[in-house]
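> Below are the chains, spelled out letter by letter.
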Amino acid sequence: MDFLIQLLVSGVAVGGVYALVGLGFVAIFKATGILNFATGEFMMIGAYFGYTALVGLHLPFWAALLVALAGAAAVALVVERALLRPLFGQPTITVVMVTLGLSSILKGLAQIIWTAEFRSFPRIFPRKPVFLGPAVVPSRLFYGFLIALAAVAVLAAFFRYARAGVAMRATASDQGAAYSLGVDIRRMFGLAWGIGAAAAALGGVVVGAIGGISPQLGALGLKVFPVVILGGLDSVAGAIVGGILIGVLENLAGGYLDPYVPGGSVKEVVPFLVLLLILLVRPYGLFGTREIERV
Amino acid sequence: MRIGDFKETYAADEALLRTPPVRFWMAVFGVALVVFPWVAGDYPVYLADLVGITVISALGLNLLTGFTGQISLGHAAFMGVGAYTAAALSSRWGLGLWATLPAAGGVAAAFGLVVGAPSLRIKGLYLAMATLAAQVIAEFGFVHLESITGGIRGINVPPARLGPLEFGTDRALYAVIVAVAALATWFAANLKRSAPGRAFVAVRDRDIAAEIMGVPLFGTKLRAFALGAFYAGVAGALWAYFMKVVTPEHFPLSLSIHYLAVIIVGGLGTVIGSVFGAVFMTLVPEILRGLASLARPHYPEAMVLLSPMTDVVFGGLIVGFLLFEPHGLAEIWQRTKRFFRLWPFVH
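Line order of the protein sequences matches chains U and V.
Numbering-wise (the numbering used here), the first sequence opens with residue 1 and increments by one.
Numbering-wise (the numbering used here), the second sequence opens with residue 296 and increments by one.
Derived from the structure by calculation, the hints contain no laboratory data.
Among these hints, one or two may not hold up.
To give an idea of the interface, some chain V residues facing chain U are shown, with a C-beta separation under 7 angstroms as derived from the structure [to be verified]:
#1 Ala306
#2 Ala310
#3 Leu415
#4 Leu420
#5 Tyr421
#6 Phe435
#7 Leu617
When the alpha-carbon atoms are kept at most 20 angstroms apart in a straight line, the in silico DMTMM-like pairs for lysine to aspartate or glutamate are as follows [to be verified]:
#8 U:Lys267 to V:Glu581
#9 V:Lys632 to V:Glu620
#10 V:Lys632 to V:Asp300
#11 V:Lys487 to V:Asp308
#12 U:Lys267 to V:Glu620
#13 V:Lys539 to V:Glu441
Where a beta carbon is used, it is the ideal one built from N, C-alpha and C, also for glycine.
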């Protein structure tokens, strides 16, 4: 029983990070219809910006966080302007491949700037583990989850109340109508990329604080695909629910199935089995918009 | 300017190599391919083998993604299935090429059918996701199905055999690879201009219109998946013989992305583009390595930066081609040919 609760709690905590990165993904897809395969790399460079600000510039944690978010957002704005805007309206494969190329470029640049070696963050969170009922949560996971939760709340409020947030939702639901009502569509695309990258970067800082960083950190971004497909590609709520579900599921699978599978690491594959299942049964996910095609 | 290019029979008009100059240059190319291993050093032959395998696999992906428009992030998995099939068959039962190559293609094609099955319901981005999942699950399978794949230790592959002939060295294997690559190219070129190939293109360009015109959508997509995977499987089998060992690390997601890059740089939906892309993308790391070793005396860290620079150049090539030359090297080749054909009346 305690084992189950332990798995559930740490699953939820990991899921919070997935949700955060998933939000970065959804923000971009919702506004621009672009599936950003470089989400994981934005996460990685965000973590490196945060690391540099903390260790190189000796900034306090909150300032380092700001540097990470702003840095990743700035990179995203440049990328959007230089690479993706010229490709507006191009076939899916073109846009997907540009983001894949981008992820390779970012990975290479990160290795050139920060070298390939593994680095660990200075201790940010209090050392003492947190007790939730019978479950013991490592403090890094707990505080990481709190940060993720706060960010999700801020983003949700932004989409609900802020003028720019409402304009972004308008752009997402009908570009033509939003444009004719005076929404600057191009600015919204830039904004979406900035927000998406910042959310991913925050996820990166949290992951970095939990487990350290290397240029390969972006590989974690792969986990985002099952998360957002499960939740629905264009749903903010979906990213959150999907993130937590996938986090819990992979932890449970890791905890209960690993002993039965030679070689273990069932954790790695379960999210993708879910991804396949969802695609076959309900491709638009739990909360996504169902696309209906008519001739 | 070339004139007098008229035909008197349908057969002449439908020939794959239509004009005497084309036939002449293809013959020259063929002779060059045959002479190459006799005159070239070990390293060029090694590279040529690699290019040949890449050509075969890239042709398969181009049939699937370039012609039919089904984005696949699972091409490396198809290759892996083929490689493991060939490795298992030749290491356990000592079967020769005549059995292992078709078997590798066949098993990979069957796997391709399974991966392609979701295309009944989903397309575009969602299908790309499904192939991504297939890639991850296949990698998991390569590691965990130890009784077949040998787990992380992999399988040692004995030299390729065909009857009494043994192809143990890179130089010997070159003959096999070039023969298979030529056959694969010839088949793809013919497919492109026949009904099944046109159906692929119709599905890519406008699937609903294609269906209304009588192209069975699901069947055509599945055929493309099976055929693309068959090519990949054969390429994977040759890869197994070439590497002499097959391990799960040989077929990561990044290899799938590499193949997408090959067909984009070469030219989506063109046969010759697959060849150009394969040559170009195989040689780029070599050129970078050459530059790095040139720079080393002046700049000692050049070798350390080589691998990240390769990443940057690789991504830069993908992005650059898509932005500035979306039809790839094949289009540049066409322009060059046009320039000489129209000379001196260019523009």
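> Indicate, hint by hint, whether the structure satisfies it.
Each hint, compared with the structure:
no. : hint                 : result
1   : Ala306               : violated, 37 angstroms
2   : Ala310               : violated, 32 angstroms
3   : Leu415               : violated, 9 angstroms
4   : Leu420               : holds, 5 angstroms
5   : Tyr421               : holds, 5 angstroms
6   : Phe435               : holds, 4 angstroms
7   : Leu617               : holds, 5 angstroms
8   : U:Lys267 to V:Glu581 : violated, 37 angstroms
9   : V:Lys632 to V:Glu620 : holds, 17 angstroms
10  : V:Lys632 to V:Asp300 : holds, 16 angstroms
11  : V:Lys487 to V:Asp308 : holds, 16 angstroms
12  : U:Lys267 to V:Glu620 : violated, 41 angstroms
13  : V:Lys539 to V:Glu441 : holds, 18 angstroms
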